[in-house]
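There are 2 protein chains.
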Amino acid sequence: MNRMGREAREAAAVLRALPAETRSDAIRAMARHVRIQAPNILAANAEDVAAATSMVDRLRLDDARLEAIALAIEEVAALPDPVGAEIARWQRPNGLDIARVRTPIGVIGMIYESRPNVTADAAAICLRSGNAIILRSGSEALRSARAIHQALAAGLAQAGLPAGAVQIVPTADRAAVGMMLEGLAGSIDLIIPRGGKALVERVSREARVPTLGHLEGLCHTYVHLSADPDKAASIVANAKMRRVSVCGSTETLLIDRSVAATLLPQIAAALGDCELRGDAEARSIVPMALAGDADWTTEYLAPILAVRIVDGIDDAIAHIARYGTGHTEAIVAEDPAAAEYFLDSVDSAIVIWNASTQFADGGEFGFGAEIGIATGKLHARGPVGPEQLTTFKYLVRGTGQVRP
Amino acid sequence: MNRMGREAREAAAVLRALPAETRSDAIRAMARHVRIQAPNILAANAEDVAAATSMVDRLRLDDARLEAIALAIEEVAALPDPVGAEIARWQRPNGLDIARVRTPIGVIGMIYESRPNVTADAAAICLRSGNAIILRSGSEALRSARAIHQALAAGLAQAGLPAGAVQIVPTADRAAVGMMLEGLAGSIDLIIPRGGKALVERVSREARVPTLGHLEGLCHTYVHLSADPDKAASIVANAKMRRVSVCGSTETLLIDRSVAATLLPQIAAALGDCELRGDAEARSIVPMALAGDADWTTEYLAPILAVRIVDGIDDAIAHIARYGTGHTEAIVAEDPAAAEYFLDSVDSAIVIWNASTQFADGGEFGFGAEIGIATGKLHARGPVGPEQLTTFKYLVRGTGQVRP
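Residue numbers (UniProt numbering), protein chains in the order written: chain B, 1 to 404; chain A, 1 to 404.
Read the hints as simulated data drawn from the structure, not as lab findings.
Watch out, some of these pointers could steer you wrong.
[Unchecked claim] Far from chain B, some chain A residues (derived; all Cβ distances over 10 Å): (1) GLU74; (2) LEU225; (3) ALA321; (4) ASP344.
[Said to hold, decoys possible] Subject to a maximum C-alpha distance of 20 Å in a straight line, what follows is the list of computed SDA-like cross-link-like pairs (lysine to any residue): (5) LYS231(B) with VAL402(A); (6) LYS231(B) with ASP97(A); (7) LYS231(A) with VAL209(B); (8) LYS231(B) with THR399(A); (9) LYS197(A) with GLY84(B).
The structure displayed is predicted, hence computed values, not measured ones.
Beta carbons are placed, not taken as given, at the ideal position from N, Cα and C, and that holds for glycine.
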């Protein structure tokens with residue numbers, strides 16, 4: 001493992017100095033080799049699927065899904081290159097010229113579970129931002145991940161880039177995760193975990209290097225008394241039901257008491273066969289199961305929605321502050337003052353007015369691609385694309401100045 | 001301790017919502033009460049000084065130094081308020097309007113050692129950026145820090161702000177540091193340590209929350225063969241000797257072989273009574289002690305300079321990559337291509353061309369004030385001022401959009 005770290009660090013020094021176009025070429029070559037090695041990747045995936053006991057759909061690849069992976073890689077190749085961009089530049093009274101420019105972070109350690117596409121997406125986004133990456137796939141998808149990595153490595157080699165730029169931990173040994181969380185003797189600059197609660201908890205307990213964590217997305221949609229009824233119904237239905245398994249799906253509906261009697265039935269109808277679990281008041285309007293304390297803190301990732309009647313906007317904001325995970329919350333309102341107050345007061349990575357929480361996505365934000373949604377507050381917050389995987393340095397240009 | 005955390009979190013929610021001017025008023029009131037309570041602060045400081053066994057000069061306050069502290073607080077009150085500033089805003093093809101706006105981080109935990117001014121500076125900068133702060137002073141300066149905190153608290157109270165906005169751990173109990181590093185049950189968002197190696201090591205071992213670390217500043221100045229001799233002499237002399245105890249002071253001089261015979265004597269003369277420790281070649285030009293391996297890795301913070309003759313710019317860059325701490329490095333050169341290559345290739349927070357490394361300072365950068373210089377790569381790098389103590393959130397304004 002420490003040798004992988006050293007090779008990643010050496011590769012990072014090479015990547016940092018390459019022109020953007022060379023990295024674009026390498027990313028395109030990776031996509032090409034994913035297509036060339038499709039039979040090998042699908043065969044490896046079939047073994048993973050045969051051995052799988054759960055999450056089989058997430059794991060399964062076919063020609064169409066593999067082509068989608070190759071296309072996603074090519075999209076990253078077409079994204080603007082963030083490295084070297086001047087973020088700010090100013091002059092000081094003493095004549096010093098100070099520029100802040102984007103630079104790669106260095107070596108990213110990616111620890112993830114069962115989605116095979118993460119292997120390719122993460123490698124492409126890291127290369128786009130000039131970083132080397134060490135991939136550690138969960139055991140369920142390890143054969144698929146290794147086969148995809150083999151294709152990525154062939155692309156790198158064809159482009160003349162060092163193999164250390166994209167490496168994969170070859171086994172599912174859990175000790176490897178521990179070593180990555182320790183930083184591989186100073187080689188890893190940033191850990192990005194993507195997976196279930198057990199992984200997230202392990203990372204927060206053991207990590208000795210900075211992490212960009214993706215915790216739960218316990219997202220709320222709040223229907224204000226000024227809400228347009230049709231917007232409320234379509235937004236809540238989309239926020240919950242478009243895809244129930246994504247982190248931006250709404251898990252709790254908050255609705256103002258004064259409009260609940262008329263709006264809740266309309267929203268419930270729009271939600272179709274979603275199971276509702278409400279407080280006593282909600283149940284008196286629409287028949288549903290009684291919500292327990294756990295319902296306010298559960299990321300269902302399923303067609304289940306918790307429903308609470310609130311006493312106005314401050315009550316809604318307080319509920320979100322208490323139970324939310326700082327991911328994404330939305331307000332449905334026609335009153336702009338109420339909406340702006342909500343946008344101001346809610347301390348989540350993404351706060352939305354009159355749109356679905358399922359827009360919480362790097363692609364929907366225009367970032368081109370994302371490696372995850374950061375729920376921490378430091379460095380990056382919300383969708384993490386190539387730009388979020390850079391840091392910066394200050395370039396100070398003088399003419400002989402010394403400090404008095 | 002956990003109660004302090006809860007009060008800080010509640011205060012942070014209040015600070016977040018205050019207008020900038022209210023926070024400016026509170027900061028000015030803090031300065032006013034530092035002046036009012038000067039006799040109390042100086043008496044407490046005299047007790048600290050009497051008990052001190054080392055670092056007495058750093059610790060000692062007098063009327064002039066206390067007035068400098070009050071003035072520094074007032075300067076922070078006059079700085080532009082970063083909270084709420086729109087960093088970016090764009091429209092998506094579906095009509096969604098996305099804005100990225102600065103928001104406070106929340107609760108900062110500041111763990112520091114013997115400089116009493118840090119108590120006031122850190123509180124003012126955190127308030128400027130809308131954050132609550134929990135201060136934990138080292139035992140040597142604890143009486144001074146508590147007396148300064150008492151003045152700050154009086155200012156807060158006068159301005160009507162909650163006492164939880166600026167709190168101090170009342171004892172020197174080391175267990176308090178451990179609890180802060182654990183995050184006080186989710187209350188602390190960011191730890192900023194400022195102190196010696198033992199503290200930094202403890203923080204990197206125990207912290208369970210993000211940290212903005214200030215590691216060593218093992219800064220290099222590299223004299224390129226194209227250097228102007230007079231600039232080289234004055235820059236190196238200033239970079240080392242202006243103040244030897246600051247983190248931006250140069251600890252190692254690298255000089256190109258082809259100009260060493262002429263330039264090194266001139267630089268040595270400009271350095272005055274600085275002790276030089278060089279490699280064999282440097283010693284053959286100017287008499288000096290022989291540098292051992294430890295000299296390339298020691299942050300002297302003293303009038304001692306390590307000197308190495310290098311084989312050109314790549315050798316200099318390689319030396320810095322191997323021994324540097326990513327803080328600040330400078331090149332002295334008249335050849336712009338060489339200078340730009342150095343600026344590009346060196347991966348430090350601050351890379352300087354033809355000026356002294358002692359410009360590594362938030363004030364010199366125009367940030368108005370700094371709470372430290374971050375040597376990590378994540379979130380903030382280099383001087384940490386009010387803007388660097390903010391994060392951001394995305395505000396998404398729609399008109400009923402749902403995601404296809």
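| Of the hints given before, which are not true for this structure? | Per hint list: 3, 4, 7 and 9 violated.
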